[in-house]
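Between the sequences and the hints, there should be enough to build the whole structure, so can you do that?
2 protein chains.
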Amino acid sequence: MSSTSSTTRTAGRQATADRPSGSASSGATQPAGSTEELEPGVHRTVLTSGLRVVTEQMPGVRSAAIGVWVGVGSRDENAATDTASTHGCSHFLEHLLFKGTSERSALDISVALDAVGGEFNAFTAKEYTCFHARVLDEDLELAVDIIGDMITSSLLTDEDVEAERDVILDEIAMHDDDPDDVVHNLFAAQAWGEDTPLGRGIAGTVESIEALTRDQIEAFYREHYRPENIVISAAGNLAHGTVVALVERAFARNGFLAGVAAPVPPRTGEPLRVAPGEVRATRPFEQVNVVLGMEGLRRDDDRRFALGIVNAALGGGTSSRLFQEVREHRGLAYSVYSFAGAHAESGLVGVAVGCLPSKVEEVLDVVRQELRALAAEGITAEEVARGKGQLRGGLVLGLEDPASRMSRLGKAELVHDELLTIDQVLDRISSVTVEECRDVAAEIFSRPEILAIVGPR
Amino acid sequence: MSSTSSTTRTAGRQATADRPSGSASSGATQPAGSTEELEPGVHRTVLTSGLRVVTEQMPGVRSAAIGVWVGVGSRDENAATDTASTHGCSHFLEHLLFKGTSERSALDISVALDAVGGEFNAFTAKEYTCFHARVLDEDLELAVDIIGDMITSSLLTDEDVEAERDVILDEIAMHDDDPDDVVHNLFAAQAWGEDTPLGRGIAGTVESIEALTRDQIEAFYREHYRPENIVISAAGNLAHGTVVALVERAFARNGFLAGVAAPVPPRTGEPLRVAPGEVRATRPFEQVNVVLGMEGLRRDDDRRFALGIVNAALGGGTSSRLFQEVREHRGLAYSVYSFAGAHAESGLVGVAVGCLPSKVEEVLDVVRQELRALAAEGITAEEVARGKGQLRGGLVLGLEDPASRMSRLGKAELVHDELLTIDQVLDRISSVTVEECRDVAAEIFSRPEILAIVGPR
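Protein chains in written order, with this note's numbering: chain A, 1 to 457; chain B, 1 to 457.
Treat the hints with care, since some could be wrong.
What the hints assert, rightly or not - So these bits of chain A aren't anywhere near chain B, every CB distance computed over 10 angstroms:
1. E228
2. G354
3. R392
Said to hold, decoys possible - Heads up, incomplete: computed chain B residues facing chain A, CB under 8 angstroms, no partners named:
4. A106
5. L107
6. L155
7. R386
None of these hints come from the bench; they were simulated from the model.
None of the values given here were measured: they were computed from a predicted structure.
All C-beta atoms in this analysis are idealised placements derived from N, C-alpha and C, irrespective of residue type, glycine included.
Laid out in structure tokens, this is it:
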């Protein structure tokens with residue numbers, strides 16, 4: 001539960017912040033304005049303004065994907081109890097950037113990319129905001145120009161703020177009608193505290209959205225949308241130098257690139273305390289939705305690859321222990337899976353299940369039993385081998401999609417402090433041992449329980 | 001609202017049956033066992049048993065997508081009022097085919113494809129059932145072998161029927177908690193009648209699922225899972241002859257291919273009457289969800305390309321009239337879009353909106369006003385040009401994905417009676433005139449209204 005998308009018809013969940021992925025070397029050591037090759041076909045340029053451009057050339061495709069990754073999200077907002085709360089501001093702002101610039105109206109922005117059949121959207125997560133497009137290669141210039149205009153020159157008029165406030169209030173109501181959204185938000189709120197930067201929901205509350213002023217949003221925009229806090233990633237049929245030139249032109253508006261700065265390094269922070277405990281919310285749904293988990297690993301923890309394999313064995317596919325036991329053998333639930341998410345200072349692991357109210361106790365018994373077995377015995381050599389195959393296959397299949405490659409580069413550059421090429425990631429997966437899986441499972445799955453339950457009564 | 005997926009963690013809607021797409025020439029005129037080239041890189045073989053194999057070779061990819069399309073869906077079931085109702089049987093059976101054969105347990109099936117990181121799933125629609133996988137090219141043989149085993153040799157044990165019955169009852173509860181699913185099902189039920197083949201929901205009802213017996217399901221399996229009623233489509237890094245050989249081996253189990261038959265031709269039928277009117281369901285949601293529409297076009301109607309462009313202008317993107325008026329200008333709703341779906345005998349068009357209860361009347365006013373304007377004046381030359389670009393761009397971007405190409409071939413072969421190559425589809429889109437758009441809009445959007453509303457009170 002880490003992002004809220006903007007212009008899609010139905011806002012799907014995107015666990016974008018939650019997956020281990022390759023990452024780029026810190027920009028601090030590289031001369032400004034210079035370009036380096038990170039791996040074959042992957043280039044990175046740091047402009048003197050601190051803006052970073054990372055691209056990957058993919059032979060054999062006719063399209064390109066581009067993403068503008070801004071290092072701001074709900075965790076950069078003030079606590080909701082504060083009198084000048086900015087809770088929900090990142091997401092509100094993301095919506096407003098589609099509403100027009102001095103050059104383009106909201107309609108102009110929409111018309112331009114609709115006319116070429118491009119996909120164009122944005123989402124806000126706890127740690128970043130991303131504007132992304134996928135277009136035919138010949139339309140990449142158009143896409144860069146429009147996104148550059150939006151990022152640098154949005155007007156944020158009073159009228160647009162008021163219309164969009166209503167849209168966001170409706171979006172919040174929509175999420176409130178989604179049991180999965182509700183239970184994952186409740187789980188995070190219990191784990192980190194509902195008034196903490198990581199524990200709060202991304203979209204804000206009805207109260208915080210009603211209270212936000214145009215001036216607050218504009219100040220937030222000026223503070224966070226700065227070149228040194230932005231990574232632009234692209235993948236597809238493109239040449240790195242051309243993309244850099246397009247970016248330099250599109251983002252030069254409003255003197256946006258005029259300053260000199262070093263890129264903002266990835267977030268770090270002291271480990272964050274996680275609060276075990278149980279929390280329930282009564283909703284008039286047919287199903288009961290449950291998330292049961294515990295504290296996981298922080299993002300830079302080397303054991304994340306072993307945890308990824310343990311997670312695959314626990315609830316990562318239809319061959320997983322949970323799918324087999326909860327669904328195949330007992331018929332207790334249609335949807336059951338496990339997850340492992342990570343931020344700079346804290347991570348969470350958990351199991352999510354939706355079931356009929358009469359099955360909740362048995363579901364919880366089975367899940368707890370599986371977690372205890374995992375903590376006590378780890379996973380088998382066969383499960384380790386299968387988990388490696390699963391992660392490897394998923395990674396390689398994803399490489400054919402320009403949007404996946406674009407996301408990999410953008411997130412790596414923005415949130416990680418180390419570059420792993422795809423081959424390095426594959427090597428890290430391959431080198432995980434049964435003992436490492438056992439050790440990480442023993443440590444994590446014996447931690448005190450966090451339980452969120454949403455349903456009738 | 002035309003399909004229900006099986007093994008995904010959360011069952012997303014897939015409007016698979018509802019889009020115009022290219023199609024293959026009828027197999028009846030082709031000698032059994034022969035192969036023809038339909039367009040460059042696309043080959044089609046009809047086996048003597050009537051099983052069809054259509055493949056497309058894609059240079060530059062390392063993966064392959066395969067789909068087994070069975071010409072059976074909820075519309076082939078008996079009415080729910082019948083004493084021996086088979087309502088929900090297609091979808092129940094689709095679930096059961098994952099539960100094991102004489103060669104493989106359910107776990108074996110899951111393990112094999114999880115171990116190579118493949119994506120493997122299935123969905124049931126009103127007109128067909130599809131089992132599909134995406135794998136690395138070297139794993140295509142494995143995928144074909146497993147799906148062939150499932151299709152030809154599933155055991156359907158009593159124990160599995162009982163466990164899966166509970167899973168499906170939970171899945172029905174999950175759909176009942178999804179406002180979008182509820183309102184679209186209600187709209188179809190109002191339009192076609194809730195006890196008609198097209199008007200009924202795909203998953204069945206609690207009552208129909210509780211009543212289905214193993215014998216009914218097995219009889220349904222034997223009746224509909226026959227080679228002449230099945231199309232296998234594949235796209236990616238593959239050779240047609242190899243795929244045909246893999247299919248001939250994998251589907252030879254149980255004497256499945258032993259008979260001689262001609263492929264079942266695409267469904268046809270007399271035009272179906274659509275009943276205008278209003279229907280409401282009270283649910284304790286935060287939002288009100290509305291679908292407002294009317295009778296559309298049947299699948300083989302040549303005006304579908306013009307209607308596609310009109311639909312794009314009405315509510316097909318963020319530049320569309322509805323998105324601009326309902327969301328951008330008035331802030332009435334986060335999600336608003338239009339759709340045009342078609343079956344052999346009947347189609348529906350409509351507008352779907354989710355909004356706060358206080359906004360419903362204004363939303364309906366605005367939507368009705370836009371539909372009236374469309375019927376009276378059609379769309380502008382600029383909108384026609386933009387709609388063409390939108391359809392063209394979306395089509396070309398989709399071609400890079402093996403799964404999209406596989407779906408195009410499978411649906412074309414199974415449900416259409418004419419082959420359109422991609423270039424032919426692009427030509428048909430390009431040749432649409434402003435007048436054709438005006439005429440089809442005038443006819444369709446002046447038809448009597450069908451309205452479904454789901455929400456509180």
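Hints and how they fare:
Under the 10 angstroms C-beta cut-off, the non-interface status given to E228(A) relative to chain B holds; the minimum distance is some 30 angstroms. The beta carbon of G354(A) is not kept farther than 10 angstroms from every beta carbon of chain B, the shortest such distance being approximately 6 angstroms. Not every CB of chain B is more than 10 angstroms from the CB of R392(A) (nearest about 6 angstroms), against its label as outside the interface. Interface restraint check: A106(B) against chain A, minimum CB-CB distance 5 angstroms, threshold 8 angstroms, status holds.
With a cut of 8 angstroms, the hint placing L107(B) at the interface with chain A holds, because the nearest CB-to-CB distance is about 6 angstroms. Taking 8 angstroms as the C-beta cut-off, the interface hint given for L155(B) is violated, the closest approach to chain A being about 14 angstroms. Taken as an interface hint, R386(B) checks out: its beta carbon lies about 5 angstroms from the nearest beta carbon of chain A, inside 8 angstroms.
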